[in-house]
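Colleague: Residue strings, one per chain:
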Amino acid sequence: MASLLEITELQTDIRLRTSVVHAVDGISLDISNGETLGIVGESGCGKTMTALSIMNLLPTGGHIVGGSIKLEGKTISNLPDDEMRRIRGNEIGMIFQDPLTSLNPTMTVGKQIAEAVILHREVTKEQAYDRAAEVLDLVGMPKAKERMGEYPHQFSGGMRQRVMIAMALACEPKLLIADEPTTALDVTIQKQILELIDGLRERLGMAVILVTHDLGVIAGRADRVAVMYAGRIAEITDTRTLFVNSRHPYTEALFQALPEKSAETREKLYSIPGLPPDLTNPPPGCRFAPRCRYANDKCRSEEPNLLGETPQHLYRCFYPVGDEERADKSRFAVEQPAPLAADPNVLAAGPQGNGEYLLRVEHLVKDFPVTKGAVLQRRVGSVSAVADVTFYVTAGQTFGVVGESGCGKTTIGRLVVGLEQPTAGSIMFQGRDLSKSHGSEYRRDRRKIQLMFQDSYASLDPRMRAGTILREPLVAQGIGNRQQREARVQEMLDHVGLPRTAVDRYPHEFSGGQRQRLGFARALMLSPQLIVADEPVSALDVSIQAQVLNLMRELQRDLGLTYLFISHDLAVVRYLSSQIGVMYLGKLVEVGPADEVYLRPAHPYTRGLIDSAPVADPSAEKAKEKSGVRGELPSAINPPSGCRFRTRCPLAQEICAEVEPPLVPFSVNGHHAACHFPLEPPIGDAASAAAAAPVQPAAPPEPSWQGPA
Amino acid sequence: MVTGYLIRRILQAIVVTFFVTLITLALIHLVPGGPVAALLGQKANGPELAYYNRIYGFNRPFIIQYFKWVWAMMHGNFGYSIKNNISVAAEVGLYLPKTLVLVGLGLVVSLIFGIPLGVYQAVKRYTVGDYALTGVSFLGYATPTFFIGFLLIEWFSLDLHIFPSEAPQGSTVGQILSQPRALVLPVFCYAFVAYALWSRYMRSSVMDNLVQDYVRTARAKGASERRVLWGHVFRNSLITIVTLLGLSIPVLVAGAIFVEVVFNYPGMGLEFFNAATSVDLATLMGFTVITTFATIAGNLLADVAYAVLDPRVRYS
Ligand code: SF4
Ligand code: SF4
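Protein chains in written order, with my numbering: chain H, 1 to 709; chain C, 1 to 316.
Because the hints were derived from the structure by calculation, they are not lab data. We put the CB at the ideal spot given by N, CA and C, even for glycine. Be a bit skeptical, because a hint or two may be false.
Estimated spans, in silico, between C-beta atoms of each pair [to be verified]:
#: 1; chain 1: H; residue 1: Q154; chain 2: C; residue 2: T143; range: 43 to 49 angstroms
#: 2; chain 1: H; residue 1: I637; chain 2: C; residue 2: D213; range: 28 to 34 angstroms
#: 3; chain 1: H; residue 1: E356; chain 2: C; residue 2: L244; range: 56 to 62 angstroms
A few chain C residues that don't get close to chain H, going by computed Cβ distances all over 10 angstroms [as the list claims (entries may be wrong)]:
#: 4; residue: I28
#: 5; residue: H29
#: 6; residue: Y52
#: 7; residue: G104
#: 8; residue: V108
#: 9; residue: F147
#: 10; residue: S157
#: 11; residue: S178
#: 12; residue: V184
#: 13; residue: L229
#: 14; residue: L244
#: 15; residue: A254
#: 16; residue: T288
Please work from the sequences and hints to get the whole structure.
Modeller: So, in structure tokens, the structure goes:
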């Protein structure tokens, strides 16, 4: 079959002031009509630059310096800009990661879509607008015609991405390039958007290049996958083969770094040591050699070619995974692979896991006022961010809170660390109500609860050296003298695996993962007992994420820490937590032991969340094709009556709108869910169960629950 | 929503006006020896001072003076200039239109040059053309206005004899406009200062916008650079400019005073300058208050324009 797009030995450089980054270094790819090709890799691997090279839309300083790109046999990599323009948006459409910044804020969406039509078709304005309304409808925009005159900020994230897609497809391109199209979206919306792209691909018979860092996204959507590393293709084959029989050590390592792979065993994740190479001056030999556990001298001096037994499966490695030669002892002697042996299971019975409740959150409510009016700012309503949430966190364990953005999980974290005051309810830390304690007792308790931020870069003062940053909490609390503080800083750096010399560096001199470690070290300075970690790994690449997650578990074991772990990523939460609470629109809809909630969810939302989260397993992805959560999150200003999930629930009945479902038990282990029509049978009827499981915090080891009366 | 926004802004404006007027009156009291001494000159003796203090009400509590003054202004009475023997309101009626001619013409000229050249500089950033224009605008805001005025007179009037050195004279706007040749230098001088502001603002605003994601999207649609620039970037850049326009009003007012003094242009600025040198307190106070109103109104107008241009403000 003739290829639609053929990339041969593509080389793209980015010229900086003093150096040249070889962002794409000799890539060959081809893609046929109707096919989906996935390009996967970590940040900086050149995947986005490859996509931008196809469109010839490289950033300032970027140039294609070698190789060729052919579209239907015609070379497009050297076209002058005015000819290239006829291809962009016409024969090749492209969508980008962040749908908010990628749309012109001051132009109606209708006009922006129509512009694409006007640019490439001989049409009148009316015809272009008609076409725009048509594609907007095609991408599943409700009331497409009416919404044409609205501006991007009036749409939700998912709907904006639909606008982007409509714009890219307005001229029915033969190829759609989607660069991280769902990275900025919630999982339920991500699934909807990926399904949309897939459906449109079939309907319009176009080819799709899906660029992503997420192996799960690739698994369910791509026919073939190219794994990129350091500007080159490390491995390329069809999706199924890649997932069952990956040959390149980098691909193997990526899989092993996924938390979902070790979710049940809770073994230590494999984390790729070090960082990707600097592409201004790539290492000689195999580019992965400095981080590869199988590397030997040959790897470090010679570069392997992209080869394979069949032309359908190519990889760039001398000693591919699963090869006979891997038994070669000399190679293992060179660099021992990190042991993948199981940790002593912190969750089951750590030294601290003796069942004491460190934190008891009861009937917690947080409303944010919504004001209106020009002058007096009268209060017209409130956003119900957290609505009657009760949960208990056992000392030495991890309680994971999971949910989509806007579900109130971050507010819970802020309430627990004292950055917000609750509207009602209580937060008991070691038996003392934090909202009622005062003075020195209050400060002492506060010190024992520390927050670890998502974006450690934004939360670290860029003008302070790491040493100062770490000392700051001690200085602020007036703890210790100079030497003692110094010693404490050194100790914490050791704990989080940063070199002691790091004290003299500024935040920008650290990589993302190192900064997260630094943020972690700062949170640990005051020897806290409880760490509230709000999305601590969501900005990191998989291999770095694994490093941080491993570190969090090690320190939990060594220092007896308790975590309140907040994340949108169910796989990460499950891997790290012993208990999970699932939140939806301010409500805790399901809670219980991690595996029970994950494997036998009782609440339809939990089920939908699990089905929406992409997993790196093509067959599993295909199997849950038609599941997920439909629709979008309703407003928390006037949350739906009765069950808040009913507007998106496939099982909703009349009663769901009238009566709010109470949390009822589903097992003796404290698994509770709030649903009138649960997916699993509850144990006993609600009334007797409530009697059987009284709220007696002194009754460990099973946390007990009581639904709102 | 825009109305609510407007009401809030107007209330803010009222608060600002209150403080400015209060400070103005307080400053007058800080004149050495008090306002009456300043009026009568150094030779004035005690009884004279006391007499006039009573006549003008300066012996009453400050707060009473303040409210009487504000009350009078609210009824259109801005005081009476003893020096010029004319009410301040009449003075304003006489001079303000002429100043508006100067400022209006100057602004139009500066915008006509400043906006497109700023865009040009952004598109051709870091080229010789950009650097040259950067040099020009740097001169515009680093050099004192009066100095530019003197240079213009020196070159175009004294050396080359192209334009007269003095601004058009006359008491009506019509008379001023009937001498276009004499208008050239003052208008140009004023425009030059304003041009420097616009071109700098525009350059950085367009440059900021050109690297935004939405520009990449427009290019990915197949839009030409020209279309990207004028169809997408330009409007978004203008939004920034409009806010800055509002913030620049004090600079523009100060510029007008200098230009009028240097070219002897018969406007508010020159009159204000004369009043300051001759300690004509009534005129000074009246003009200050009116300029304050103008500045606040200008800011308000800029905000409204901003709301109209930016849908994010309009619909939120
Ligand atoms: S060639 Fe060597 S270093 Fe490179 S991936 Fe293969 S085993 Fe590792
Ligand atoms: S209570 Fe009703 S609407 Fe809510 S999750 Fe259960 S079935 Fe769905």
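Colleague: Run every hint past the structure and note whether it holds.
Modeller: Verification of the supplied hints:
1. H:Q154 x C:T143: 43 to 49 angstroms: At 47 angstroms between Cβs, range holds.
2. H:I637 x C:D213: 28 to 34 angstroms: holds (29 angstroms)
3. H:E356 x C:L244: 56 to 62 angstroms: holds (60 angstroms)
4. I28: holds (32 angstroms)
5. H29: holds (33 angstroms)
6. Y52: Holds, because the least Cβ-Cβ distance between Y52 of chain C and chain H comes to about 43 angstroms, which exceeds 10 angstroms.
7. G104: holds (28 angstroms)
8. V108: Consistent with the label, V108 of chain C stays out of reach of chain H, its closest Cβ about 25 angstroms off (over 10 angstroms).
9. F147: Check passes; 38 angstroms lies beyond 10 angstroms.
10. S157: Holds, because the least Cβ-Cβ distance between S157 of chain C and chain H comes to about 46 angstroms, which exceeds 10 angstroms.
11. S178: holds (43 angstroms)
12. V184: V184 of chain C is indeed farther than 10 angstroms from all Cβ atoms of chain H, at 37 angstroms.
13. L229: The claim holds: L229 of chain C sits with its nearest Cβ about 13 angstroms from chain H, beyond 10 angstroms.
14. L244: Consistent with the label, L244 of chain C stays out of reach of chain H, its closest Cβ about 17 angstroms off (over 10 angstroms).
15. A254: holds (32 angstroms)
16. T288: The claim stands: T288 of chain C keeps its Cβ more than 10 angstroms from every Cβ of chain H (closest is about 28 angstroms).
When each numbered hint is compared with the structure, no violation occurs for any of them.
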